[in-house]
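Student: For reference, the chains in residue letters:
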Amino acid sequence: MSEPATDSSRAPFVRARSLEVRFAARAAIRARGRGEVLAVDGVSLAIERGETLGLVGESGCGKTTLARVLLGLLRPASGKVEIDGRDIFAMSRRELRRWRRDLQIVQQDPFGSLDPRWRIGAIVGEGLAIHRIGTSGERRQRVVETLQRCGLPAAALDRFPHEFSGGQRQRIGIARALALRPEFIIWDEPVSALDVSVQSQIIQLLLELKEEYGLTYLLIAHDLSIVERVCDRVAVMYLGRIVEAAGAERVFRRPVHPYTQALLASIPAGRPGRRRRGAAAGDVPSPLAPPPGCRYHPRCPLAMEVCRREPPALLDRSGHRVACHLAAGSPH
Amino acid sequence: MSETGRPTPALNDSPLLRIRGLKTHFTGAEGTARAVDGLDLDVEEGKTVGLVGESGCGKTVAALSVLRLVPPPGRIAGGEVLFAGRDLLKLDEKAMRAVRGRRISMIFQEPMTSLNPVLTVGSQIAEALRLHLGLSRREARARSIDLLRRVRMPAPEMRAGEYPHQLSGGMRQRVMIAMALACGPSLLIADEPTTALDVTVQAQIIDLLLDLQEELGLSILFITHDLRLLAEIAGEIAVMYAARIVERGSAAEIIERPLHPYTRGLLACLPGRRGEGSEARDEQWAPSLAGAVPDPLRLPSGCRFHPRCPLAEERCRREDPPLRLSSSGRAVACHLAELETRDERAEEDER
Amino acid sequence: MRILDLWPGIADYRRGRRARGVVLGALFLVLIAVAVWRHAVIGETLRTALARLVPGERPPLGVRDIDRIVSSLLVSGSIAAILASTAISAVRAGRRAPARRERESRWVLFGRQLLRNRLAATGLALLAALYLAAIICPLLTPYDPVSQGDMLAERLLPPSIAHPLGTDSFSRDVLSRILYGSRISLLVGLLAVGIAVSIGVIYGAVAGYCGGRVDGVMMRALDMLMAFPSIVIIITVMHLWRSYSIWLIIAVIGLLSWMGVARLVRGQFLVLKQKEFYQAAVALGAGPLRLIFLHLLPNASTPIIVSATLRVGNTILLEAGLSYLGLGVQSPTPSWGNIIYDNRNLIFSHWWIPFAAGLAIVLTVVAYNLLGDGLRDALDPRMQE
Chain A
145 MSEPATDSSR
155 APFVRARSLE
165 VRFAARAAIR
175 ARGRGEVLAV
185 DGVSLAIERG
195 ETLGLVGESG
205 CGKTTLARVL
215 LGLLRPASGK
225 VEIDGRDIFA
235 MSRRELRRWR
245 RDLQIVQQDP
255 FGSLDPRWRI
265 GAIVGEGLAI
275 HRIGTSGERR
285 QRVVETLQRC
295 GLPAAALDRF
305 PHEFSGGQRQ
315 RIGIARALAL
325 RPEFIIWDEP
335 VSALDVSVQS
345 QIIQLLLELK
355 EEYGLTYLLI
365 AHDLSIVERV
375 CDRVAVMYLG
385 RIVEAAGAER
395 VFRRPVHPYT
405 QALLASIPAG
415 RPGRRRRGAA
425 AGDVPSPLAP
435 PPGCRYHPRC
445 PLAMEVCRRE
455 PPALLDRSGH
465 RVACHLAAGS
475 PH
Chain B
98 MSETGRPTPA
108 LNDSPLLRIR
118 GLKTHFTGAE
128 GTARAVDGLD
138 LDVEEGKTVG
148 LVGESGCGKT
158 VAALSVLRLV
168 PPPGRIAGGE
178 VLFAGRDLLK
188 LDEKAMRAVR
198 GRRISMIFQE
208 PMTSLNPVLT
218 VGSQIAEALR
228 LHLGLSRREA
238 RARSIDLLRR
248 VRMPAPEMRA
258 GEYPHQLSGG
268 MRQRVMIAMA
278 LACGPSLLIA
288 DEPTTALDVT
298 VQAQIIDLLL
308 DLQEELGLSI
318 LFITHDLRLL
328 AEIAGEIAVM
338 YAARIVERGS
348 AAEIIERPLH
358 PYTRGLLACL
368 PGRRGEGSEA
378 RDEQWAPSLA
388 GAVPDPLRLP
398 SGCRFHPRCP
408 LAEERCRRED
418 PPLRLSSSGR
428 AVACHLAELE
438 TRDERAEEDE
448 R
Chain C
1094 MRILDLWPGI
1104 ADYRRGRRAR
1114 GVVLGALFLV
1124 LIAVAVWRHA
1134 VIGETLRTAL
1144 ARLVPGERPP
1154 LGVRDIDRIV
1164 SSLLVSGSIA
1174 AILASTAISA
1184 VRAGRRAPAR
1194 RERESRWVLF
1204 GRQLLRNRLA
1214 ATGLALLAAL
1224 YLAAIICPLL
1234 TPYDPVSQGD
1244 MLAERLLPPS
1254 IAHPLGTDSF
1264 SRDVLSRILY
1274 GSRISLLVGL
1284 LAVGIAVSIG
1294 VIYGAVAGYC
1304 GGRVDGVMMR
1314 ALDMLMAFPS
1324 IVIIITVMHL
1334 WRSYSIWLII
1344 AVIGLLSWMG
1354 VARLVRGQFL
1364 VLKQKEFYQA
1374 AVALGAGPLR
1384 LIFLHLLPNA
1394 STPIIVSATL
1404 RVGNTILLEA
1414 GLSYLGLGVQ
1424 SPTPSWGNII
1434 YDNRNLIFSH
1444 WWIPFAAGLA
1454 IVLTVVAYNL
1464 LGDGLRDALD
1474 PRMQE
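Residue numbers (our numbering), protein chains in the order written: chain A, 145 to 476; chain B, 98 to 448; chain C, 1094 to 1478.
So here's chain A without its partners, still in its complex pose (with noise of 0.2 Å):
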């Protein structure tokens, strides 16, 4: 597949340059490591309109952290997070509530992001309430077909998340976000918390809204599988930064990062007597202290001196990023 065009005349859609986001570290923490945590260390990425970006790292890595700052729920400590050209953060409060209608999110545990207390038509009609969208008879109308497009029958309406599968609750999740009609979701491992044939059932659900509404996605994930199907770009993270990003083919066919290829290692093959061994030795190091250098060198096989005194740069060679002192050394 090959990269969206860009016109240079136009930025993208979603553009966040060199974010930092910084958490201060609670008292009894602090005393081990330092006294705070760079969630998020010199992040930029952009996503172009009907595109779908791939994030992916494993737990404590920052994804969303991201997430919520590109949602304009978190001020990041420095750098700009700008949407059709716009930096949010620049934005008045009622700017940003007004652009709040066209970023949304869909959340990981489909039993924790929904208002137990509430019934289904009042949970997925919120944001039209909140944006006193319609009349409420229009907005019943709305969120009855956002429902069935999000296949949950009607009857739906009346009833409480409890009464719902796990499978069914991240539909009506889906619906929350797609009531607005944005035109931006960030799906936060939409599928992580289910069964398998559901979460095939979500995916393809997932597929069909981007069609029919032109959507743009933001697809956060720690399985890959996943992110191999749904994604035009895949961009991977560790401990706070890009490591690598590229197409999707690309990072598939040819991972350039150690840990990148150390991920797809880990990716079960589903073929009988083929368990590929090699995956990343190690667990991924506190964020209170990360390791200097290259973060991923206590990890990394291959690691070299140059790895563990002075971090690489993210360089970018015909669209495929890579922050890898190997990579750098080697023409690619």
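Watch out, some of these pointers could steer you wrong.
Mimicking DSS-like on lysine-lysine, the simulated pairs with C-alpha atoms at most 30 Å apart in a straight line are [claimed, not checked]:
no., chain 1, residue 1, chain 2, residue 2
1, B, 191, B, 144
2, B, 120, B, 144
3, A, 224, A, 354
4, C, 1368, A, 224
5, B, 120, B, 191
6, B, 187, B, 120
7, C, 1368, A, 354
8, B, 187, B, 144
9, C, 1366, A, 224
Derived DEER-like restraints, expressed as beta-carbon distance ranges [claimed, not checked]:
no., chain 1, residue 1, chain 2, residue 2, range
10, A, 307, C, 1108, 23 to 33 Å
11, B, 412, A, 289, 35 to 45 Å
12, C, 1143, A, 297, 56 to 66 Å
It should be emphasised that the hints constitute simulated quantities derived from the structure, not laboratory data. C-beta atoms are modelled at their ideal positions from N, C-alpha and C, and glycine is treated no differently.
Since the structure of chain A is provided, determine the placement of chains B and C on it from the hints.
Tutor: Chains B and C only, in chain A's frame:
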């Protein structure tokens, strides 16, 4: 490994674990939920058997039934669980305690909740050793560090003195495995041991389990919903649906020639790898399993899969298909799978 | 329709609305029993009240007279209202099939769940009986709780038909005093907890929603307030005001017991703010009022309501304790606490007097605790079907 020096099992006819017609029911105000209802399963000595199914199909209850740890109001309503020739369901509670942990161990999905947060991990492993093997405090401590080393815990002497919250998820699961192996069991039941872990750590834990199996000659009953994973690690796969086994066979056969429509559905749900056969990615990766697992309170009539089965016939709605065995050791519970079993038999004959 | 269906509640019961049927039927039974038993008093009271509507000579009304009129009106009015509603629904049921409502309100579901829980239903019934008795006590006893009778002939009588719990050392009917005393105790419980919950919810909600520095400052202030020993403050206030008015007691108890509620609400809010559904609402663009009143408070309501019911019991005990110390309601106005206090010397000779007042306190506190536990289950929508 075992201190009793088990006799070598006779060929084929007495596996280490043989479950026959196991029934575990939960009786509540709304009726009886048949969580496990007529389960047949064998685990051979030194082999890995994978038990696969969607959540709510009864996998975990089946595993807990083997150890007789079903929480109330659950109750084992029938069947037998033969372990090394003895029916565990007939043992008294004291004899059963000697089996648990010592001969059969279990590891769970969420290691954090299985570990005591106020004790160091080393003392928790030592506790199990002293309880079951009657070791002295010092011996137990040395053994526990040894075990941590065996599960490839980095810096085991130091980690033994740490508390569960100080360890990462992968390390906690290593501690759980060390505890499970403490008394040299012959069967390890692993209930989704990697689901809660990060992908790279998942792979490490699986590698560890496979290595330990080789070193110690363990039998493993591996419970998961991930058929891809089982394909790689299990010798035999049993597919469970609605409280019962619907298909059983070697991993290669199940993956390459699934007979039951449910197994086919599960396989079709798996995303294929790019560059490994599949061309375009949007190309018909349609979900083949509509609907959801039935409520164990209201299991469907006839074949329990018929409401979701694309091939269901009138007969499937009425008659419950028995688990039929083929000559090659393959088993399937489906009225319509007969033809394929015959083909298979014909192929065998041709050879 | 059978003749039995004319009794209020039975038709409801048959139609499947069992809880409603039982409650209505039982209430009607009790009211009819009281009306039949005291028909003479009620009749006379209502006649006098009616006579006052006619222009002419109006003798001044005492507090006791008003009390009697209100009680009589309440009993007869309730009977009439229940009969009327039964008649209306009977006529409606005859006209067309009852329309089944598809969507039941959360409160209907909640009520059904509450009544399904036996302990909670017991607590609720007990409380209903206690409050009903407190309201209509002029009809339940012919004696005045305050004025003293024949000091020689009627002093310290043992229990009898005329005085089921005997009389005290001032020749007053003990049952009457306990019945009238329930008004004080039950009122103090309800109002003081109402004040405490109102202040506590507001304070806790502000601290929990704002979080950060605001929360830190507010919580430290709370810690300081909690460090004051409340009994000392109560005694000081009573002395400063030189008053033992029931309203002052209610206000002081209320103002001294909201801190626990505030802590509870703040803690709930902090937990709820971490929930994904809350963050989803923020992502949808919801403003602070919507977040507090539609997402946070409803989800925090279960522990608030439960702790409030449990607190009512404690407050009744506190009032009784104050009265026992001579700091609460003053004799001759009866309260459960001062009945025990006044008769403490009779604990061996006339043990039933303090015992009956103590039993009333225990019953009320237990009833509130049962209700509190039942509410905890019933308010969880996951428990409803």
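Student: For residue 1368(C) and residue 354(A), compute the direct alpha-carbon distance and say whether it is at most 30 Å.
Tutor: holds (27 Å)
Student: Range hint 23 to 33 Å: satisfied by the CB atoms of residue 307(A) and residue 1108(C)?
Tutor: Distance hint for residue 307(A), residue 1108(C) holds at roughly 25 Å.
Student: Taking only the CA atoms, is the gap from residue 120(B) to residue 191(B) under or equal to 30 Å?
Tutor: Judged against 30 Å, a Cα distance of about 22 Å means the pair holds.
Student: Between the alpha carbons of residue 120(B) and residue 144(B), is the straight-line distance 30 Å or under?
Tutor: Holds, at roughly 24 Å.
Student: For the pair supplied as a hint, residue 1368(C) and residue 224(A), confirm whether the alpha-carbon distance does not exceed 30 Å.
Tutor: Holds, at about 27 Å.
Student: Mind checking the alpha carbons of residue 187(B) and residue 144(B) for me, to see if they're no more than 30 Å apart?
Tutor: holds (25 Å)
Student: Would you mind confirming whether the straight-line C-alpha gap from residue 191(B) to residue 144(B) stays at or under 30 Å?
Tutor: The hint holds at about 28 Å.
Student: Is the hinted pair residue 224(A) and residue 354(A) satisfied, with a Cα-Cα distance of at most 30 Å?
Tutor: holds (26 Å)
Student: Residue 1366(C) and residue 224(A): Cα distance at most 30 Å?
Tutor: Holds, because 26 Å separates the two Cα atoms, which is no more than 30 Å.
Student: Using the C-beta atoms of residue 412(B) and residue 289(A), is the stated range 35 to 45 Å upheld?
Tutor: For residue 412(B) and residue 289(A) the Cβ distance comes to about 40 Å; the hint holds.
Student: Holds or violated: residue 187(B) with residue 120(B), Cα cutoff 30 Å?
Tutor: Holds - the C-alpha atoms of residue 120(B) and residue 187(B) are around 14 Å apart, at most 30 Å.
Student: CB of residue 1143(C) to CB of residue 297(A), is that within 56 to 66 Å?
Tutor: With Cβ atoms ~60 Å apart, the hint holds.
No hint from the list above goes unmet by this structure.
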